[in-house]
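Enquirer: Residue numbers (the numbering used here), protein chains in the order written: chain A, 1 to 284; chain B, 285 to 607.
Simulated from the structure, these hints should not be mistaken for laboratory data. Cβ coordinates follow ideal geometry from the N, Cα and C atoms, glycine included. Hints are supplied without guarantee of correctness; some may be wrong.
[Claimed, not checked] Here are some, though not all, of the chain A residues that point toward chain B, as calculated from beta-carbon distances under 7 Å: (1) 10; (2) 24; (3) 181; (4) 183.
Each chain, written out:
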Amino acid sequence: MIRRDSITILIVGLVVIGLTAGFLAHLSRSQRLGNPGLKTTPVGTGGKIRIDLPEVVLDYVSSNVEPAKLEVDMLPKDTTFAKRAYVAPDGFQNFTSVVMMGADRTSIHKPEYCLETQGWRILDQRTEHIPIAEPHAYLLPVRKFTTTQTFRSRSGEPTRYSCIYVFWFVAENRVTASHLSRVGYITYDLLRTGVLPRWAYVSCQATCLPGREEATYRRICQWISAAVPKFQLASLPPATGKPTACIDGSQPDSAGRVDPFPFRVPLGLFSEVLPVLPGDTGRP
Amino acid sequence: MSKPGETNNAPSAVEEFRREFAVVWSTMPRKAAFLGLLAGWLILFEFLGNSTFGYVATPSLFQWMHNAYNFPGSDDSHGNLIPFAVLALFWWKRDLLLAVEKRVWWPASSVFLLAAALHVLGYAVQQPLISVVSLFTGVYAMVAWVWGWKFALSSLFPFALFVFSVPLSAVLNPVTIPLRQLSTDLSVFIIRQVLGIQIVQQGVQILDSKGAYSYEVAAACSGIRSLLMLLALGTVYAFITFGTTWKRAVIVASSVPIALGGNCLRLVAIVVASEAFGPKAGEFVHEWFGFVTFAVALGAMFGLSRLMPGDPLPVGMDRRAPA
Numbered sequence: 001m002i003r004r005d006s007i008t009i010l011i012v013g014l015v016v017i018g019l020t021a022g023f024l025a026h027l028s029r030s031q032r033l034g035n036p037g038l039k040t041t042p043v044g045t046g047g048k049i050r051i052d053l054p055e056v057v058l059d060y061v062s063s064n065v066e067p068a069k070l071e072v073d074m075l076p077k078d079t080t081f082a083k084r085a086y087v088a089p090d091g092f093q094n095f096t097s098v099v100m101m102g103a104d105r106t107s108i109h110k111p112e113y114c115l116e117t118q119g120w121r122i123l124d125q126r127t128e129h130i131p132i133a134e135p136h137a138y139l140l141p142v143r144k145f146t147t148t149q150t151f152r153s154r155s156g157e158p159t160r161y162s163c164i165y166v167f168w169f170v171a172e173n174r175v176t177a178s179h180l181s182r183v184g185y186i187t188y189d190l191l192r193t194g195v196l197p198r199w200a201y202v203s204c205q206a207t208c209l210p211g212r213e214e215a216t217y218r219r220i221c222q223w224i225s226a227a228v229p230k231f232q233l234a235s236l237p238p239a240t241g242k243p244t245a246c247i248d249g250s251q252p253d254s255a256g257r258v259d260p261f262p263f264r265v266p267l268g269l270f271s272e273v274l275p276v277l278p279g280d281t282g283r284p
Numbered sequence: 285m286s287k288p289g290e291t292n293n294a295p296s297a298v299e300e301f302r303r304e305f306a307v308v309w310s311t312m313p314r315k316a317a318f319l320g321l322l323a324g325w326l327i328l329f330e331f332l333g334n335s336t337f338g339y340v341a342t343p344s345l346f347q348w349m350h351n352a353y354n355f356p357g358s359d360d361s362h363g364n365l366i367p368f369a370v371l372a373l374f375w376w377k378r379d380l381l382l383a384v385e386k387r388v389w390w391p392a393s394s395v396f397l398l399a400a401a402l403h404v405l406g407y408a409v410q411q412p413l414i415s416v417v418s419l420f421t422g423v424y425a426m427v428a429w430v431w432g433w434k435f436a437l438s439s440l441f442p443f444a445l446f447v448f449s450v451p452l453s454a455v456l457n458p459v460t461i462p463l464r465q466l467s468t469d470l471s472v473f474i475i476r477q478v479l480g481i482q483i484v485q486q487g488v489q490i491l492d493s494k495g496a497y498s499y500e501v502a503a504a505c506s507g508i509r510s511l512l513m514l515l516a517l518g519t520v521y522a523f524i525t526f527g528t529t530w531k532r533a534v535i536v537a538s539s540v541p542i543a544l545g546g547n548c549l550r551l552v553a554i555v556v557a558s559e560a561f562g563p564k565a566g567e568f569v570h571e572w573f574g575f576v577t578f579a580v581a582l583g584a585m586f587g588l589s590r591l592m593p594g595d596p597l598p599v600g601m602d603r604r605a606p607a
């Protein structure tokens, strides 16, 4: 025979469980995935999309770059990728990558880990603000990493290179350079409206010889300033802070070209080809 | 030993377990309340446990956990065994638990309410890990509610082992990434300085100077899996072997350096095999040496425990004592 205290505990506990279930059922009906903060085009059926990175920005022409198999295999299946290598007439290269999540947030990850495990040592990291003119003037917050790595040719000769890595996150009506803010927005938006922001992680990177980091960053800055209105829908309120000066061009070296990076393939975060030096075949 | 013609009436182990379980079961009060609450709680998490749409397309938190434990390359596969380990340890500790006074403790109902609220939060922000914590917190709250705080305190071990049921590897990147780097750095030091083999290191990549092979210490090779397993095993071993807090802490804490050492040993063995016999030998060692190094790590932990003098376990827990 069940005692009275058992019955009381059971009733109270089941009421708590029942109320919880009711609230959860309401939540499950109201939650949805948000829209992208970038320009996209539907592809086929099943909700797949293509991110529309511009083919031409300023005097840069570009070519499409397929994501590395390692990256595709590592990230969730509903991740959308877009990668293009932009080359200026003087040979300067800017590799731009976009990774957009689907329903799985783990598509978006911290580049610090990937850079360091690829051997890039982060010397400096800071937040910068890049002036964007359209749809209205505002400042785009970006994280800028200055990294370095020493490569060796087969003969063992070391050569040091720097890489400027710039990234930010964008979703519908959301732009931030901070991981913490991004996670905070996810929590805030889900609690407030039940909408999971569909974040995209946009990055630009260019390599250079040591001593050319600032000039390289200014080139990236100019490119971003011109390119973002072409592919990004989300923006921020009109500018109030002090922007980074995107000074026109860096000075070419004595050979008439800007620090040519000798590698034959762009160094994406998941490049499957080790960096090569002139004269190397590139494969271990 | 029975004589010819006589039947052996000694009960089998299964029969003995059944009899003793029946006695233990009949001794526990308010079973209906606990089982009723438990059933309702589990049903809640089965049908409204997981809200992350698309990631693992199931409303069941148990299915989400199963996926987290068993997807290819998972570092949380030990989660499959934890519930069985906990149940076994509860049985092992039964005499002590039966002797504890059992009374209804109504303050635990507020903890139960908090656990439910935590699940709502986890569901709302689509963080199943929060819901997993809520699941076990709620069960523990039920134990305290139905049988009292003294019983709950006595149950803390092995109940606390459920922390290893939380799939942590996804949030342990801040640990996994430095662990990969540390494993690589230590292994390269041993290979270069101790063994005298000249290799090139680029981040977490190890290449030989002639270009015959290259390895990347991937996330799966960071040692996090063996670290979590050793932590779980070390915790169990510490609690069933020692009665003193500091000795238990030493055994549990030793899991970290032992796991790291075992992982480095494996990485060194892969490179040495590649150097001596070629990349195929390195692949072979990579596939099979993990078991060897884990056994070595366990042996190191047991060896460490032998260095500490034994002490008596609480009454009812020392099953090594003769009846």
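Enquirer: What are the numbers of the hints the structure violates, in ascending order?
Expert: 3 and 4
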